[in-house]
Amino acid sequence: MSIVLDFNGKNLAKSKTMDLHYLPAKIDGDGEANVEQYFNNYTREATECGNGILTNSLRGYPLVGEQLKVPEQYRGLVLQETEKSINKSIDRQLRLTGVFEEFTYWNYDKVPSNGDAYRQALLMADVGQALTQHISEQDLEAEIARNKENTKEHA
Amino acid sequence: MSKKATRASKPKPDPEAEGSSKKSTASALKKVLFVSKELLQKDADDRRLRLERFYHPGQGKDALFVTHPDGQMMELLEYAEPRRSWLLNSEVCSNGRIYMTSPVDPTLLALHHLRKHCAQRAMSLDNIAVEENSTSRLLNEFIFPETLKCVADVKSSGDQRFYKYNQERTLAWLALKTRHVANILKEKQVHCGHSAQSQNFVRSEKLVAENACKEMDYTRMACDIVGRYLDADLHDLLIHYLHIPSEIQAIVEEKTAAQKRKSKAGKDEGSDSKKIKLNDSDAAAKLKSSGLLDSDGDPNASITSPTQGPLKERSLTAKEKALAKGAKGTKSIASFFKVK
Amino acid sequence: MSDQEDIEIKQENQTVHDTDEKDKKHEDGDIKDTCRISSLKTLGPFIAAKENSRNTVYLSDVPDICKDKPCMLGVDEAGRGPVLGPMVYGISYCPLDSKKALEDLGCADSKQLTEEKRDVIFNDINTKEYATSCIGWAVEIISPNTISTSMYRRSKCSLNEVSMDSAMGLIQQAIDAGVNIAEVYVDTVGPPEKYQEKLLKRFPSFKITVAKKADSTYPIVSAASICAKVTRDHALKVWKFPEGLVIKDNAFGSGYPGDPVTKRFLADHIDLVFGFPRLVRFSWSTAENALADKAYDMEFDEPDTDKPKYAGTKLTKFFKGTTKSGEVIRDECRFFKQRHLGNVMDF
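Protein chains in written order, with my numbering: chain A, 1 to 155; chain B, 1 to 340; chain C, 1 to 347.
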């Protein structure tokens, strides 16, 4: 059984851009939320903390955030399962709810920085590139020879 | 904040319930993804991406990969900070993960099957694990037979190609991969050491030996990253091939050195020239033999070899020699505890 | 207020202090001026024009005499306990020899005063010549949002710290405005010694008295108390909810946890995700408890676990775990673990 990401090029091109906030809290609930009145209304720029730094709060907890772009090599997608089939042998379908190029990243009482786990995690994209970098037959032969040489030296 | 269990009063959508408010049903299942533009379809492309399960040797079980009908595949990773959630337009989403695609060399996944089935005899890909759907799909749809040459001997007979696992080539290939990863870690200045406070040392005492250690830290972490795609025993072989000392040994060495630095700073301030000697010539030799420290004259030397010259300049006092020897991997765990 | 749109929203903590405004107001006659407080009537519009999720500082004009003669200055607060609305810090000052004016105003014992009487005195302070010529005052409206976010900082900032910072900030602004301060009287609910010490350190040249119930002992503190209390009451009256709620007559009750009207208000205005409108001080246990069973559970990093998550390799790392069947558990590599990265097994 596999999962089909049920959208094509056209769907992607026509998809609506969504407004996302990445909140620094575990919230044990899903569904409608009064985001505009209870949250967006209170976002303020905090230039004293740096260019583009934003502040807000969530249930009284101070938030510090910034608008972040989705890393260049990616597109941000929001997917949604249409209905989970009871029949496990049928492929599951995920449909495209929307796309995003940027989102608001919020920290709990901490100015966003390169030390944030999120930014550190994005390094994986570079590591992944290195991991898939092609290795030529020539380099491989050279490495085998070098290793042989070394083994001999130590023997 | 309280950590109370889920309460009944909450409008938990029931994904099984048909005909219930579609909106809330769906919202519970929304997920946020970063998908590589390389995978995403262009305008007229009517094909679909899929999430498929393949055996992940490092995990020891199936994991999800994103596949494109044209034979491209990427690993699906999740960024799962413990306390995160999303606001998506005007909805809250308790799933605070970011799912992101990450390039993976399918050859790494194939290795597990080659070692399992083709260690003793050469086999054609369509004969390996015919009873395992996902394995034969992996080997026949997503592997470039060409790259298998890096890890196997290939024999051709007519149209058919037969593969036999080759450990020597595999380890060399993995070592080169490790080097690529180590280089990117270095380029991105990823902190690879085991200690969180290695930056706190006094500047004048940032020793050459420490740099050699750092080289090894990059190599160790790179090897761990490559290793997470390998069977455990193959990972161990790679560590051995690259002559990477165990980390606990490295920690003992560093702690001993730090202690010496401390006691030295108390005794003879100002004698900067009298530097502390780790078993650095040893470390350098290991690095060199691992092929990760380029030799002089190598065009890549600038990347890896700021450690070269000064290595030989320093001499050991008898006491330091004794300490360094004690730190050289022969220590028991118990003795490590004494070193504060 | 119909003319509010025209008024520039002032930045947090910005002091509104523009002497030209007064003359302009007289010229404009009836047009309401929300930049200056010149009477009880103008207090509400002033507050309403400010962002109520931020702090607002207001300084009255400094009577000339207060710049020359040595002055006493009183400090008091209003609205420390309630779960709703701002806490207001107030100062008032006058020359040491102007006690008569304070007595004439009726500032003897503010706790004995009714709300109406306080309003009258506040109006007199701002309109009666005998008062405006020798008494100045200032308030800081500390928004409930600021109170919550301060108390919920990763390194917690107690309400006492918020209070002292506000008090000292106001005194400093009075100094900056040219008030010749000689003596300072502060009402406190906490231990006076610590407070006094802190104030003396910051303002070593003043004679500083910190005492419990100072507002009934020192008329200048009573005056400060009245300014603070009247400001807090008006802040609640004119409170507009950016959340879009409309409460008839803004009847939230006293804000004290025992008040049934307040209790009802809290119970009736819970948002599943965001909890309450930001009129409410989330950091009050009353608010926390009210949400505990009615809103989604929410969990932030524990403030005390704010140590660096990764403090060196733990020794236990080197003792490999095993499963029940004796298999060695493979640890995810550190690069992934530190970054909260992992494979996806289920989707």
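Everything labelled a hint here was simulated from the structure, so no lab data went into it.
Incorrect hints may appear among the rest.
Unchecked claim - Quick list of simulated restraints, FRET-style, between CB atoms: (1) C:264 to B:37: 50 to 56 Å; (2) C:197 to A:48: 28 to 34 Å; (3) C:99 to A:115: 39 to 45 Å; (4) A:47 to B:146: 36 to 42 Å; (5) C:64 to A:44: 34 to 40 Å; (6) A:52 to C:299: 23 to 29 Å; (7) C:299 to A:153: 56 to 62 Å; (8) B:187 to A:136: 34 to 40 Å; (9) B:119 to A:10: 45 to 51 Å.
Note that CB positions come from ideal geometry on N, CA and C, so glycine has one too.
Exercise. Against the earlier hints, flag every one the structure doesn't satisfy and list their numbers going up.
Key: 3, 4, 8
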